Every structure is written in C-alpha cells, then in structure tokens.
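Each chain, written out:
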Amino acid sequence: MSSPAEVAPYDSIVIGAGHNGLVCAATLARAGRSVLVVEAAERVGGAAGTREFAPGFRVSSGAHLLHLMSGRLQNDLKLESHGLRFAATRMPTSALADGAAPVLLGAGLSQSDSAKFPVYQERLRRLARSLIPLFSTVPPRLGTQDWGDRLALLKLGWAVRKLGKRDMRELLRIAGMNVHDLLEENFDSEALKGALAFDAVLGANFGPRSPGTVLTLLYRLAAECAAGDSGLSQPVGGMGAVSEALASAARAAGATIRTGAPVASVLVSDDRATGVSLENGEQIRARSVISSVDPKTTFLRLVGARYLDTGFVRRVNHIRARGLAAKLHLALNRAPLFTGVSAQQLTGRLLHAPSLAYIEHAYNHTKYGEFSARPIMEITVPTINDASLAPAGQHVLSAIVQYVPYTLKEGWQSGRARLLEATLDALERLAPGLRDSVSSAELLTPPDLEREFRSSGGHWHHADLAFDQFLMVRPVPGAAQYRTPLPGLFLCGAGCHPGGGVMGVAGRNAAQQVLNGALAA
Amino acid sequence: MIETAPHFKQPLLKTPFHARARALSQVDSFIPWAGYTTVDVFTAVEQEYFAIRNAATLYDLTPMVKYRVAGRDAAAYLNRLVTRNVEKLNENRVAYCVWCNDQGHLIDDGTLFRLDETEYRLCAAERQIDWLLDSAIGFEVLVEEVTEQIAALAVQGPTSCAVLKTAGLRDVEKLKPFDIGRFTLGEADVMVSRTGFTGDLGYELWLEPEHAEDVWDVLMLAGRTRGIRAIGSQALNIARIEAGFISPNVDFVSAEHTIRTGRDRSPLELGLAWLVDFKKGHFTGRRALLQESQAGVRRRLVGLDVAGNKPAHNALLYTQQNGKREIGAVTSAVWSPTCKRNIALAMVDAPFHQIGSTVWADIYLNRELLWERRMSRAQIVERPFYAPERRRATPPAEF
Numbered sequence: 001m002s003s004p005a006e007v008a009p010y011d012s013i014v015i016g017a018g019h020n021g022l023v024c025a026a027t028l029a030r031a032g033r034s035v036l037v038v039e040a041a042e043r044v045g046g047a048a049g050t051r052e053f054a055p056g057f058r059v060s061s062g063a064h065l066l067h068l069m070s071g072r073l074q075n076d077l078k079l080e081s082h083g084l085r086f087a088a089t090r091m092p093t094s095a096l097a098d099g100a101a102p103v104l105l106g107a108g109l110s111q112s113d114s115a116k117f118p119v120y121q122e123r124l125r126r127l128a129r130s131l132i133p134l135f136s137t138v139p140p141r142l143g144t145q146d147w148g149d150r151l152a153l154l155k156l157g158w159a160v161r162k163l164g165k166r167d168m169r170e171l172l173r174i175a176g177m178n179v180h181d182l183l184e185e186n187f188d189s190e191a192l193k194g195a196l197a198f199d200a201v202l203g204a205n206f207g208p209r210s211p212g213t214v215l216t217l218l219y220r221l222a223a224e225c226a227a228g229d230s231g232l233s234q235p236v237g238g239m240g241a242v243s244e245a246l247a248s249a250a251r252a253a254g255a256t257i258r259t260g261a262p263v264a265s266v267l268v269s270d271d272r273a274t275g276v277s278l279e280n281g282e283q284i285r286a287r288s289v290i291s292s293v294d295p296k297t298t299f300l301r302l303v304g305a306r307y308l309d310t311g312f313v314r315r316v317n318h319i320r321a322r323g324l325a326a327k328l329h330l331a332l333n334r335a336p337l338f339t340g341v342s343a344q345q346l347t348g349r350l351l352h353a354p355s356l357a358y359i360e361h362a363y364n365h366t367k368y369g370e371f372s373a374r375p376i377m378e379i380t381v382p383t384i385n386d387a388s389l390a391p392a393g394q395h396v397l398s399a400i401v402q403y404v405p406y407t408l409k410e411g412w413q414s415g416r417a418r419l420l421e422a423t424l425d426a427l428e429r430l431a432p433g434l435r436d437s438v439s440s441a442e443l444l445t446p447p448d449l450e451r452e453f454r455s456s457g458g459h460w461h462h463a464d465l466a467f468d469q470f471l472m473v474r475p476v477p478g479a480a481q482y483r484t485p486l487p488g489l490f491l492c493g494a495g496c497h498p499g500g501g502v503m504g505v506a507g508r509n510a511a512q513q514v515l516n517g518a519l520a521a
Numbered sequence: 001m002i003e004t005a006p007h008f009k010q011p012l013l014k015t016p017f018h019a020r021a022r023a024l025s026q027v028d029s030f031i032p033w034a035g036y037t038t039v040d041v042f043t044a045v046e047q048e049y050f051a052i053r054n055a056a057t058l059y060d061l062t063p064m065v066k067y068r069v070a071g072r073d074a075a076a077y078l079n080r081l082v083t084r085n086v087e088k089l090n091e092n093r094v095a096y097c098v099w100c101n102d103q104g105h106l107i108d109d110g111t112l113f114r115l116d117e118t119e120y121r122l123c124a125a126e127r128q129i130d131w132l133l134d135s136a137i138g139f140e141v142l143v144e145e146v147t148e149q150i151a152a153l154a155v156q157g158p159t160s161c162a163v164l165k166t167a168g169l170r171d172v173e174k175l176k177p178f179d180i181g182r183f184t185l186g187e188a189d190v191m192v193s194r195t196g197f198t199g200d201l202g203y204e205l206w207l208e209p210e211h212a213e214d215v216w217d218v219l220m221l222a223g224r225t226r227g228i229r230a231i232g233s234q235a236l237n238i239a240r241i242e243a244g245f246i247s248p249n250v251d252f253v254s255a256e257h258t259i260r261t262g263r264d265r266s267p268l269e270l271g272l273a274w275l276v277d278f279k280k281g282h283f284t285g286r287r288a289l290l291q292e293s294q295a296g297v298r299r300r301l302v303g304l305d306v307a308g309n310k311p312a313h314n315a316l317l318y319t320q321q322n323g324k325r326e327i328g329a330v331t332s333a334v335w336s337p338t339c340k341r342n343i344a345l346a347m348v349d350a351p352f353h354q355i356g357s358t359v360w361a362d363i364y365l366n367r368e369l370l371w372e373r374r375m376s377r378a379q380i381v382e383r384p385f386y387a388p389e390r391r392r393a394t395p396p397a398e399f
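Which chain is which? The protein sequence lines are A and B, in order. Under my numbering, the residues of the first sequence are numbered 1 to 521, in order. Under my numbering, the residues of the second sequence are numbered 1 to 399, in order.
Just chain A, with the same shape it has in the complex (with noise of 0.2 angstroms):
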C-alpha cells in the first residue's frame, strides 16, 4: 500500500464490506467512480457471510437463505460469470410441531385450510404488491415542493388504487392489525397460523399478537414481490459465496477493497465529510464517505455527536435496534432425522413455531429480560444441497434462533450454556438422537452478533423494522434518503429504507443518491 498523502483522494469511501457496502461499491465503480471499500474483519460479507466455526464445518454466519435480492440486481452486476451459483432454489418451507407430523406449507392441510391456504396467499401478496412502488426506490420526502417526492407517491396512491375497492378495503383493514388476529379469522391448523406467523416476527421485536405485524408480514411480502418472488435461495458456499460475488464484481468495476481495516472515525473538516481514519491512525481521503455500518455506530461513534444537531442525534439515540435473535451452529457427524420430515422437506425451511400461542409465550420473555427456554426456530441443513460445508458424510445446522434478549437479566457469562442447552433440548425433541451427534456447537448471542458485526444491538436490521422506523422516517427523519445532515457522509446499510435481509436494495440505492449528489453539485 502506498503512503496515504501520495495518493489522490477516492471519490468515495465505503465503510463496511457487507452486501450492501458491496453493491454499493459496485454500483459507483461502475458508474466509473475511484472506490474504496474499507472492512474491519478480515473476510468481506459481514452478517452475509461464511464462517468455519469448527475445523472443517463451515456455515453461513447470518441469514443462511437468499430470498430477497432481484435477479436484476444480480444480472446487472454479472454475479453468476463472479461465481455465484446456487445450491438450491425454491426451497420448501415445512412446519414443525412437537411429536406431531409436519406440515409442508401448501399442503396436507385440513380441507377447508387447504382450501383457503391459496387464496389467503394470493390476496396478501396482491396488497403487498401495491406497496412495490415504495420498495425499491429511495424513499420520498414529506412536505417537500420536489416533483420526485410528490412522484413517488402518487405511484403509491395509484398502486393501491389500483388494487380495487374490496381489497382497497382490505389492505386498509388489515393494516393495523396484528398477525395472530389475522391468521385466527382465516385458519384452523395450529402448525400452519404459527408458520404464517413466524415471518411477521421474524428478527422483530413483535410477537404475534403485537400491534403493527401484519404491515411487516406486508412489507417482507413486498420485499419478496420487488425481488421477483422467485422464492428461497442457497448459494453454493453459503451466503459468503454471494459477498464474494459482489466483492468480485466490484473490484471488476475498479473498486479496491482493504480488508482488516476497522475504521476510527469518519473525518469531518469544514462541515463536510472528507475521509476515514483507520484505527491504526491512517488516514485516508475522500470527496464522499458511504457508511455500511448501522445508523447509531455511523453517527454516535464514528462521526460523533458534535458534528450534528442534537434533535438529530436525539433521534439517532432513540433508534430501537436491540437484536432479538440468536444464530446456532452445529456440527453434526450425521444428517439430523427430524420426526416426519421427508428426504425432499429437508431440503428445505424448517420452522418451529407450532402455533401463535407458542410464539407469544416465547415473546413474553423478552420483556423481562429472559430468553425462551422454547424457542422459536428457522433451521436449514444446508449441507444437505451443499456438501462441500462439511467433511464428507458430516453435516451442518443452521438455525435462527428467537426470543433471545440483547440484555439478558442473569447475564450472558451463564445465560449462554442454559441458552445452547435449552435450544439443543428443543431440537432433540425435534430431532431425537441429534443432541448425540453433535461434535460441536457455536452460539452467537445478540451481543456476540454486535461484537461479530460491529452492529449496535446485535440487530440484523440494523433498527427494527416497525412502522415508526419504515420508509421515509428510516432510520430517521433527516437520513431517510441516503444522505446525512453532514454533506458528504451518506448511509447505505440495512438501517436505511428498505432494512435487512440479503437484499442489496439500500446499498444500490445510496450509491444513486451519492452519484445524484455528484451531478448536482
């Protein structure tokens, strides 16, 4: 590397080699941008990575299943001719109950379930497409006189429109209300209300009977719709595979990427954001700082609070972003027989949420500062459409595992051997004789996913995903479209417009409010 003051300053900086950091970086490379991408750990990916957490086992390290980036986004930066291929697509989704046989979503259902199952799917992705418009473009302003703004909501105002006066009615009806409500007036199966509604809570910090979740079942729904609804996905190699990818394409469009680079500081002269400091005191310039990382590091730690105004930072500060789900990793020196499960399920998502009463006692303990001795579960072997993760004939699990608080009242130091203890039992029921095959097992606790991540709270979202911290107020207003009060310095992370999930949308979005930025000045 040369000496920092010999070279010319980048046009931008991206803090953070995630996927959204990635695409960013891609997105202006392209545009024909200097880029570089500064990461502290010293793999690319961040949370959509691969990690080896036991000789020989690898596994990815958060979300473990592809579901939400557009085939146009991937054709667009080349990502199958960067390596990335896929182990499995349209992956199955089961659900499992204790001691009773699972239920493949879609089918062997009750009748008038059965019957209803298709329909309630159709109408839910209907109004969840009218929300398309909003989705995947850069939030618009409130109250502004920009033509762009009053554009992009009227596109909205015209897609619900066109969603007809009974489902208008519909999506104004449900909106609001909570997703154990919703799934009580359409179903009769237990298994299947809890897998419906394992998505609306998922990585939130709602149960189902909390208000507000049936507009982010919508919005993960919109999510999938905006990517195409093509479906689940597993990269071969894990989701590290897909960072690779974009790191590839990236450095194929000019970007330089330096790992093992934590950044300090982004360096503020002027009243604008000029470069980065690294911790080990390097300096590096630029005429703009995109910072991957989520909102309340980005500001309070590495821009800090005396280069803002204090009802921005207050907002900042009210941020809520307190993780609430844990990643287990086993080893397993045989494939898991999960009771009932077929060959083709296992291919597949399992849930472990056998109904809305379960859900909600596992929330409940949250709130008082402990974790659920029965969880609720997203698992996937993906060994089973990858071999290559494990030594042969050896197997991998990979499971999302939720409530887990941030804070837990008797401490991590012994919370976390009763966490792995009670989450192991619940998967021996499961799974019985998977507890005996287990050669070994990594735990990532909320503050170890903060520690891992340098994300604050641990959260993969960056901030919850709930209506107060949605679209043109995410992750607050003043940052909502990209940019930051600070010239120069804008956010390109899963605390941006549209969240978390393997998506790319926000890191591809801020390098257009970066590359617009450049055209008007």
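Just so you know, the hints here were simulated from the structure itself, not pulled from any lab data. Bear in mind that the values here come from a model prediction, so they are computed numbers and not experimental data. Just so you know, not all the hints are guaranteed correct.
[Stated by the list, open to error] Pair ranges (Cβ atoms, derived):
hint, chain 1, residue 1, chain 2, residue 2, range
1, B, 149, A, 318, 27 to 33 angstroms
2, A, 318, B, 351, 48 to 54 angstroms
3, A, 264, B, 261, 37 to 43 angstroms
4, A, 142, B, 249, 26 to 32 angstroms
5, B, 116, A, 364, 49 to 55 angstroms
6, A, 262, B, 355, 54 to 60 angstroms
7, A, 142, B, 291, 16 to 22 angstroms
8, B, 249, A, 271, 29 to 35 angstroms
9, A, 262, B, 387, 42 to 48 angstroms
10, A, 236, B, 261, 55 to 61 angstroms
11, B, 249, A, 422, 54 to 60 angstroms
12, A, 142, B, 28, 48 to 54 angstroms
13, A, 262, B, 274, 55 to 61 angstroms
14, B, 274, A, 271, 18 to 24 angstroms
[Said to hold, decoys possible] Some, not all, of what chain A presents toward chain B, calculated at C-beta under 10 angstroms:
hint, residue
15, 268
16, 304
17, 307
18, 308
19, 313
20, 317
21, 485
In this text, a Cβ means the ideal position worked out from N, Cα and C, and glycines have one as well.
Following the hints, put chain B in place on chain A, whose structure we already have.
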C-alpha cells in the same frame, strides 16, 4: 425556606427573599414566574422605574433557571449548544447567548458564566433539562439544574456600585461589564457579575439561599442614602424595552413550545446575528442558519418610534395608513419615561424592516369602554432606545 407542604397545597415556590418582599409589598401584587411567586409591583410602577434610572434597585431573579455544566467536555458541549464561540469566553466572564434547534429556531436566550476552567453556569428563562441532556449525548459533561440552590438578586441603577461598595464589597468598582468577582458579605460568599436586564449600570449577586435575607438587609441599609428600592417585574419590563432586550414568550416563543408552524424565530430574525459565529465549527442549527443567512431573513425584529403617546400594545403593522397590507406586529410596547418617546419592539416582514422605513401601527384605545382605533405613523429606528454611558464606565462614577 422552602415549605414541605404537599406541592398541590403550595403550587408556587417562595424564593429565599420572599419574606422581605412580602414585608415591602404595599399593593400585594404577586405573579407566578417559573414556578415561584414573585413581585409584579411593590408600590407604584413609576416610582420603581425611576429608581432603576436614577438610584438603585433590588430585583429578585432567583426564578431564573440555572444549570451547572461541568466536565472535561464542558466547553465543547456548550460550543455545540449555543451559537456563540464559547472558546473565547475566559474564566470569570459572562456571555449573553442564544441556542437553537436543528432548524435554527431559538429555543431560549440566557447568560453563560464561566466559573473556572471546566465549570460553567447557564441561566435561562425556561426549564429545558431534556434538551440540555440530549445535547450532552457524546460529551463527557455533567448537566444539572441548580435553580433552588442559588439565590439571585439584581442590584441595578446608577448608584448600584456605590451601594455595593458601602455594603462592603471592596474593589467591586473594578469589575468591567460581564466580569465576575467573588466577595464576602458578612457570613455570605457572594459571586457578583456585572450583568443585568436594565441596560443601565448594574450587578447581579449569586449566593447561597440561607444568606439571602442577610444580604438583602445589608444592601437595603447601605443603599438607604442612595435611594435604594425593591422593584417588581413591571418596572423592569419598561427598562428592558428601553434597552432593546427581548423577552421570552413576549418577543419570541421557544421553538420547543410552539405548536403552530411559522411561529418559531431564528436569531437572525431577532436581530441577534452578532451572536452567531459560523466560523467556530459546528453547533446545533448551524446548517439551517447558514442557509437562512444566505437566502435572507423573512422578517426581522425592529425598534419602532411610534407617533403620539399611546403605547402600541399588540398593534398590527401596515405599509400604508389605509391598512391594506399587513406586514407584522408589535411584540412589546411602552411609553419610555426617560426617552420621552413612544417606543416598541416589533416583528416586521422583509423587505419592510429597514432602519428608517415608515410603517403604520393600528392602535386600539379603550376610552371608558369605548374602543377607538388610531392608525399611527411609526418609524423603524436603531435599538437600544436608551443606552447611558454609565452602563459601561469602569470604574463607575461615584453617585
């Protein structure tokens, strides 16, 4: 001191000077101020006002909200809070400051005292600990309200320095405007700042509440031959309008309290641009104020010299006598007994706020229950209306 009766039985607090004020009050005119009961008028407004301009006065300003700001980052914190450059404020000096919200609209004005290297005191009109604490996020600083721990007494008027000297404050005459000095008066440690709200020679005394009555007594005794008199808020209000000082909730409403849009005021609009230092680095509201200063203010607080002798209270202002085009309103108005002029402070829309312009004030007069309207010519003039040289003279002349 402060009674322990339940707060609902005693909704207003009493200041440490209350017993003395109660004894001197002849017209029983008390008003609530920031949670305290305080004197509006002791005897007669005119009598009290003329004591400010011709003798010496005591005014109890204990209800001023006081905050202690201390810690390693205190200066950095305050520099980000207020629009002035706090780095330039030396120890034992006071600065008049304003602070704004993100939109560059005034939250409050007040005086900032630098007590030592890392400790400051901020005196303000409104309670606002939430804003001050939120401003402390990211700074190593302690912010606490100390209103009840400090008794405050203003000693103002041409003979005020002589009164203080007679009372035993040696070398008090050496204090320059905005200086802070420390003295002992009997048992009491008294901090004296050469500050005030009258635009005249004057001082403010800051002391522990338990010494309040003793200090009051000593001053009253020392000032007996120099016409000292306790004054209430009404007399002070005349003096502050003559001095051109703005008053919260009269000439502006704190941006934290306004409900309707467009009612907030920026320091540029209030004619306080001299308090805004764009070169000192970032402060809350800087970006908005910079934009406003580039675009030009939409309205401005001005001084008015109104024809006739009827104060233009609440008068709407017009470009012409025909009253067709409204361009602002009077916020404070009074007949100035010293200037012998009918003066007012008013908010006037751009571009009509230039010094020397003529506007028309629509004044309503109640004449034995019959309302009369009078369209009076008013000229926009420089502030302050009254600024005697003695307010700045150091040492002050012996009176």
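* Asked: Going through the earlier hints one by one, which of them does the structure break, listed in rising order?
  -> The structure conflicts with hints 2, 9 and 13, although it agrees with all the remaining ones.
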